[in-house]
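Novice: Each chain, letter by letter, is given below.
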Amino acid sequence: MGFLGYLVRRLALALPTLFGVSLICFFLTYMLPGNPAMVKAGPFATPEHLAEMERAMGLDRSLPEQYYRYASGLLRGDLGESSATGRPVSEDFVQRLPATLELTFASLIIAIVIGIPLGVLSAVHRDTFIDHVGRVVGITGVAMPSFWTGLIFVYVFFYLLDVAPAPLGRLGAGITAPQHITGLYVVDSLLTGNWQTLRSSLFQLMLPAATLGFSVMAPVARMVRSTMLEILESDYVKAAWAAGLPRRTVIYGDALRNALIPVVTILGIVFGFLMAGNAVVESVFAWPGIGNYAVTALMTKDSGPIQSFVLFVAVLYVAVNLLVDLVYGLADPRIRLG
Amino acid sequence: MSDLLEIADLTVSFDSDAGEIQAVDHISLTIRAGEVVGLVGESGSGKSVTAFAILRLIRRPGRVKSGTIRFNGVDLGTLSEEEMRQIRGAKIALISQSPRTALNPVITVGRQIARLFELHGGLSARDAHRRMLEMLSLVRIPDPAKRAGQYAHQLSGGMCQRVMIAMALATSPQLLIADEPTTGLDVSIAARILDLLRELGAKTGAAILLITHDLGVVAETADRVVVMHAGQVVESAPVRTLFHQPAHPYTRALVRSIPRVDRTVTMEPIPGAVPSLLDPPPGCRYAERCGWVSERCRIARPPLTRVVADHEVACYGFEERRDAAG
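First to last, the sequence lines map onto chains Z and D.
So for the first sequence, the working numbering puts the first residue at 586; every next one is plus one.
So for the second sequence, the working numbering puts the first residue at 705; every next one is plus one.
Calculated directly from the structure, the hints in this document are not laboratory data.
Careful, some of the hints might be misleading.
What the hints assert, rightly or not - Using 30 Å as the maximum straight-line C-alpha spacing, the simulated DSS-like pairs for lysine-lysine come out as follows:
no.: 1; chain 1: D; residue 1: LYS795; chain 2: D; residue 2: LYS850
no.: 2; chain 1: D; residue 1: LYS795; chain 2: D; residue 2: LYS769
no.: 3; chain 1: D; residue 1: LYS769; chain 2: Z; residue 2: LYS823
no.: 4; chain 1: D; residue 1: LYS795; chain 2: D; residue 2: LYS907
no.: 5; chain 1: Z; residue 1: LYS823; chain 2: D; residue 2: LYS907
no.: 6; chain 1: Z; residue 1: LYS886; chain 2: D; residue 2: LYS850
no.: 7; chain 1: D; residue 1: LYS769; chain 2: D; residue 2: LYS850
no.: 8; chain 1: Z; residue 1: LYS823; chain 2: D; residue 2: LYS850
A quick note: this is a predicted structure, and the numbers were derived from the prediction, not measured.
Whenever a hint applies, use it, and build me the whole structure from the sequences.
Specialist: Now the structure itself:
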């Protein structure tokens, strides 16, 4: 059994969570003011027409029945329709998801690549200038709302310094999208050897990814710092010094390897935070992802996309944290899976 | 035997908010090549601090305030950090207290030993692996190939300590510092670990500095004993002399406090506690607990003086009594 049994059990445990999420999403829509049938039928519908529409949409049924119809629709991949685009939400989602994923991964990479070394340095040089700088940068990142950071970045790097492109989507003017393979422009243009597109997509990605990465870098750095501080005082690190291992090996091998275990957990939380944080930052940078889509829907009271966005982020959050637990077992031999 | 390690006038202090804590106060001790020296004292007497000072691993807020440590005639204080690193683990090895927590939890025990062969012996990964398996058999770990691939949490306490010993001996050090090597092990396993240490020490010619609070451990293992009290060396003698003719009142009390089954003498605990090391008084730090105390003990610290060859004691009371008798 072992790993497989563990996996099955964890998946089974995720089901109640997903059920709860779908309930909340359903009631969220139910509680929204306004009659969806009236919206759909238009302002000139006759009462008969409206009743007909309500029946067609199932709004005349009992609440549990309506939930059943909604939930079974979800299971078939039916997320409802967007009244703004007139298309099924699932189609809009599939089209926009790669943009969001690309931005999320890029921000996560920035958070890891800067956050982990920053945390290590802060711990090794505890209470020195380096530690204080790390703390200030971290607190600033957490304290500033990301739309504000984004606006400042745009103002400084695009408007004042002119080193960044205009915040207008995933590609510069006149650049065509790469052949669709994964939907991530950076990856696709790399795979097809389309250097001009690669350059442009990286360039466009730079500021929004930095904005999001900056907001989540701090929790990563703080977590690394605090666990590193503890581990640097541990018996096995003292033993490693006493064994004459080089400084680099002791800090980045013996100590950091142990410090990264709790960081994996933080990354799961950070990922969820990024997915939700996307919404605002995508709006600032006109990034055509699902966050931007949800914000637009929110302004036009288009319930389908909003509901689906909430549901999607929640499902993704559950999935990522499941993945984190599985990875945890690989990173820490003390955890016996199964 | 020539002197392998020579500690002269070593003082280590720790800065705290309340003031300076003198953990080790002007101690001197010598270890000859191949010798087993027991360093004995209660908790907080500065034994482990001395061990870390030898390896030059005292870190903030601690610092070495005075003294020299010579190893093979070389003043370790004059070496660069890189030169010192090449001595640690290779020439002077440490077996820490609490074997389980001294092994890295996410690196297999085999790898932790093998990498020392690569680092200090310059061996290839393959040769290092082979030598690691030899070491594990040498410390009598059954089924070395299987154990090598395991992690510390999968081994028993005694097994972890054997791994620590294998690590320490991997590079054939000249000096092995064993800091309370039997803490947390039950009596029979502790005895076997001590036998193993002594046997392997003799086989490889390594001198051993055996740090312990347990005189029983010293009696079985050491050639010579150095007794510390509150950061000071109070007596140093060959093991038999120490047990049969202890000179310092503290040593006498320690010997009397060993529980015995072969005599009907009642065990006597030592009165009082180790004094605070925060701004300690100038005189003998045992004065407040001592039955022989006189006025001069509180004013000036008694120097280590020779009783007979190889037996030294730091006590005014002992000198007075000896002079009166002689």
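Novice: Taking the earlier hints as the rules, which of them does this structure contradict?
Specialist: Of the numbered hints, 6, 7 do not hold.
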